[in-house]
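Undergrad: Residue strings, one per chain:
Protein chains: 2
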Amino acid sequence: MSKFGENILITGANRGIGLALVQQLVKTDGIKHLFACCRNPDGAKDLIELQKTHTNVIPIKLDVEDDQTIQQAYEQVTNILGTDSLNLLINNAGVYEEDGGSCDHPDRTAFQKSFDINSNGVVMVTAKFLPFVQKAADQKQRAMVANVSSETGSSGRAYKCDFNLVSYGMSKAALNYYTKMLSEYFKDSGIIFVAFSPGWVRTDMGGPNANLSPEESTSAVLKTLAGLTIEDSGRFMNRYGETVPY
Amino acid sequence: MSKFGENILITGANRGIGLALVQQLVKTDGIKHLFACCRNPDGAKDLIELQKTHTNVIPIKLDVEDDQTIQQAYEQVTNILGTDSLNLLINNAGVYEEDGGSCDHPDRTAFQKSFDINSNGVVMVTAKFLPFVQKAADQKQRAMVANVSSETGSSGRAYKCDFNLVSYGMSKAALNYYTKMLSEYFKDSGIIFVAFSPGWVRTDMGGPNANLSPEESTSAVLKTLAGLTIEDSGRFMNRYGETVPY
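Line by line, the protein sequences are chains E and Y.
For what it's worth, the numbering used here labels the leading residue of the first sequence as 76, then goes sequentially.
For what it's worth, the numbering used here labels the leading residue of the second sequence as 76, then goes sequentially.
Please note that a few of the clues may not be correct.
[Stated by the list, open to error] In silico lysine-lysine, BS3-like type, Cα no more than 27 angstroms apart, as pairs: (1) E/K203 / Y/K188; (2) Y/K215 / Y/K298; (3) Y/K203 / E/K188; (4) Y/K188 / E/K188.
[As the list claims (entries may be wrong)] Distance windows between CB atoms, simulated: (5) Y/G231 / E/A285: 27 to 33 angstroms; (6) Y/Q151 / E/K136: 46 to 52 angstroms; (7) E/K78 / Y/S288: 52 to 58 angstroms; (8) Y/Q151 / E/Q146: 42 to 48 angstroms.
Derived by calculation from the structure, the hints in this document are not laboratory data.
Cβ atoms here follow ideal geometry from the backbone N, Cα and C, with glycine treated the same way.
Modelling step: build the complete structure from the supplied sequences, incorporating the hints.
TA: Below, the structure is given as structure tokens:
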């Protein structure tokens, strides 16, 4: 079993940070199933290519905005896992609404979409898969839910929102709160709940001017996640594990 | 001019904390217009009754979920204000989704509604009326945007969510973040932006077991708001003005 456990599920795994997480994780021995969820697995070229050399990578259709696909993904994962548990759930799928997401000329639809993907999507996916993670905790295995957040969602560090970042920041602030709430609600579950900021990364979302490559970000993230204990549950942190204020 | 200025707008003013705020404010001298916004002003019996003795109370139709009513309210207020400004905007309208708003059996629609009223509604209303508040600040008058939040929305104090409080808490956490963001974005505007928790109040939302009457809560709130300065902008506080962590 790897330091993350045998079975891992990642949303938004076809590109950006999600894909980089999968690409890093396949280098780790002892991972039995790496459920790489995305909206359109048939078009996920990088995942399909990776699957040729790493048969533990399993692309799964899951759109965090669509509860029916969450249910279908759940059934598919259930069939594959059998009596196994899920050791790590990484809620990575997210959106950044560039148009209409600012506070001076807000568009309600942009705000709704930000919340529905970055906040509600995580709530729905987590509720569905948490029993599998609980099973890992009950078996004294590694059990963790890691939510990909952003320092932009830190009220303590809220800064001048030059780049239409308000809807994104609000949805991540809600996600951070949710993570903390889960850690309280399931305090005695043995599951580690954390929210982390991967940094500003050169992805479709982060843009070409970001200061980190996906590899730089995710290698730091995974090193941090591997070292977390139950004492860290409820924390909001950067990729190095340093605390970010809520 | 009152300690809050001459012109005030409150959303969700037909009942609960909103109504109690109006009932307290009419006791204050020097208020020219008290725009009491609600979804159905024709059915707002208490407001209509109050208007008989206090002609400065002006019921206005405004549903924070419906951008068209926000626009219509804006036009109505514009006509009444003329060249006047708005000194205080209290974003009070809110919802608590009792069913499906918890983290163990979440219903996406309940979460969407919480965000759309408690978070997006405030964004849309504030964007529309902020130019009036800015005008007050530009004229060196009192200028404040006060968002009714909840300690339930404090990540720093997130607690075991026995009562389906997750969707509510997430939406208030997003609101708190928005308030902080506004204070940064409009740092040099002269406008005070704050989020405050009114406490647990015996309203339709708070229920009969809450420890505060609407009068007890809102008299403390208004005393606090009256004493705030620009140095307080960006703070999240309880009804006594004591800091609540984000």
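Undergrad: Could you see if the CB distance from Y/Q151 to E/Q146 stays within 42 to 48 angstroms?
TA: Holds, since Y/Q151 and E/Q146 (Cβ atoms, about 46 angstroms apart) stay within the stated range.
Undergrad: Cβ-Cβ distance between E/K78 and Y/S288: within 52 to 58 angstroms?
TA: holds, 55 angstroms
Undergrad: Quick check: does the Cβ-Cβ distance between Y/G231 and E/A285 fall within 27 to 33 angstroms?
TA: holds, 29 angstroms
Undergrad: Checking one constraint from the list: CA of Y/K203 to CA of E/K188, max 27 angstroms. Satisfied?
TA: holds, 21 angstroms
Undergrad: Y/K215 and Y/K298 were given as a pair; does the straight-line alpha-carbon distance stay at or below 27 angstroms?
TA: holds, 21 angstroms
Undergrad: Quick one, are E/K203 and Y/K188 close enough, alpha carbons at most 27 angstroms?
TA: Given that 27 angstroms is the threshold and the Cα spacing comes to 21 angstroms, the pair holds.
Undergrad: Note whether the CB distance of Y/Q151 and E/K136 lies within 46 to 52 angstroms or breaks it.
TA: Cβ of Y/Q151 to Cβ of E/K136: about 48 angstroms, so the range 46 to 52 angstroms holds.
Undergrad: Within a Cα-Cα threshold of 27 angstroms, do Y/K188 and E/K188 meet the stated pairing?
TA: With a Cα-Cα distance of about 13 angstroms, the restraint between Y/K188 and E/K188 holds, given a limit of 27 angstroms.
Hint violations for this structure: none, all hints satisfied.
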